[in-house]
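J.: Letter by letter, the chains look like this.
Number of protein chains: 2
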Amino acid sequence: MQSGGVTGIKEQFYLDDLRVGQRFTSGTYLMDEAAIKAFAAEFDPQPFHLDDAAAAASVFRGLAASGWHTAGVAMRLLTTGGLPLAGGLVGLGGEIAWPIPTRPGDILNVESEIAEIKPSRSKPHQGIVTVKSTMFNQNGEAVYLLTAKLLVPRRQVPSGD
Amino acid sequence: MQSGGVTGIKEQFYLDDLRVGQRFTSGTYLMDEAAIKAFAAEFDPQPFHLDDAAAAASVFRGLAASGWHTAGVAMRLLTTGGLPLAGGLVGLGGEIAWPIPTRPGDILNVESEIAEIKPSRSKPHQGIVTVKSTMFNQNGEAVYLLTAKLLVPRRQVPSGD
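Here the protein sequences line up with chains D and L, keeping their order.
Mind the numbering: the first sequence is residues 54 to 214 in the working numbering, read in order.
Mind the numbering: the second sequence is residues 54 to 214 in the working numbering, read in order.
Hints are computed from structural coordinates only; laboratory data are not their basis.
Hints should not be assumed to be uniformly reliable.
You can't tell identical chains apart in this list, so a pair holds if it fits in one copy or across any two.
What the hints assert, rightly or not - Straight-line distance between alpha carbons at most 25 angstroms, and here's what the computed SDA-like set of lysine to any residue pairs gives:
#1 LYS185 x GLU95
#2 LYS176 x LYS202
#3 LYS202 x GLY147
#4 LYS202 x ALA107
#5 LYS90 x ASN162
#6 LYS202 x ALA150
#7 LYS185 x ALA139
#8 LYS171 x LEU103
#9 LYS185 x LYS202
#10 LYS202 x ARG114
#11 LYS90 x GLN209
#12 LYS202 x ALA109
Same shape as in the complex, but just chain D (with noise of 0.2 angstroms):
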């Protein structure tokens, strides 16, 4: 189903190892039609996320999964070693879009680069760095944009001592 984690990495990043621009990449992920119709059934019940006659008459021109879906598919390739931040992926917030659908069998992976950090003046453990992550199928078509914020624990704190 998923081989999201496969690159093996273990190293943990802390805010003060991070450098803008720097990137990293997933692991891939199936995205299989049984677990589209199951997410849509739960989260998203239309009939173009359930039924292949009804998608293929709507705008999507056949089945598609839940943008919803594709967004916790990306999740899932960032936390098993897409991104492996120290204290793990909180996020605040961000941006997200789905540029075409996902489809029936697409595998995906997800690459990750970081567009800003921002160390805390008032809480000097953290800070908020910025990601911009796309998430491509096996054509190498962009079916997912994420810019999210997201809290990340300094190595160590600057002491006065």
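Since the structure of chain D is provided, determine the placement of chain L on it from the hints.
T.: Below, chain L without anything else, positioned relative to chain D:
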């Protein structure tokens, strides 16, 4: 588990039926602990979404739903009566934020407001509508903010005949 759709709204709104400032209210959804852990296991397998003790020691100070689970529940509420747009909810992208965590036992509902309506010039049968949605918990606290750009069909195509 969920009672989205209980409002019984059957009317479907086309682009032509919408006005800026118009508001919509969803049904409610109970976020339960088993569902939080099941979603996290599949899409966001981080300790603070999976394990009570680890969550208590984390930045969340207790079990918290994945933000993507929270987003999925909001979509469930929007697609089951919370935002009855003709042709369904087809999102192009948007902005998201999670001001506070969603917790086990939270009872959630979504309020939405039409923020902008842009008929397409090149495709006279549709347009882009911007909707600002806020999901609240049972204490009236905003747990999720979504500003989404949606593709909405027109009731009738303007004709030169």
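J.: Does each hint fit the structure? Answer for all of them.
T.: Here is what the structure says about each hint:
no.: 1; hint: LYS185 x GLU95; result: between (28 angstroms within a copy, 23 angstroms between copies)
no.: 2; hint: LYS176 x LYS202; result: within (16 angstroms within a copy, 35 angstroms between copies)
no.: 3; hint: LYS202 x GLY147; result: both (6 angstroms within a copy, 14 angstroms between copies)
no.: 4; hint: LYS202 x ALA107; result: between (37 angstroms within a copy, 23 angstroms between copies)
no.: 5; hint: LYS90 x ASN162; result: both (21 angstroms within a copy, 24 angstroms between copies)
no.: 6; hint: LYS202 x ALA150; result: both (15 angstroms within a copy, 9 angstroms between copies)
no.: 7; hint: LYS185 x ALA139; result: within (18 angstroms within a copy, 33 angstroms between copies)
no.: 8; hint: LYS171 x LEU103; result: neither (42 angstroms within a copy, 29 angstroms between copies)
no.: 9; hint: LYS185 x LYS202; result: both (9 angstroms within a copy, 20 angstroms between copies)
no.: 10; hint: LYS202 x ARG114; result: between (34 angstroms within a copy, 20 angstroms between copies)
no.: 11; hint: LYS90 x GLN209; result: neither (46 angstroms within a copy, 32 angstroms between copies)
no.: 12; hint: LYS202 x ALA109; result: between (36 angstroms within a copy, 23 angstroms between copies)
Taken one by one, the earlier hints fail for this structure at numbers 8, 11, listed in ascending order.
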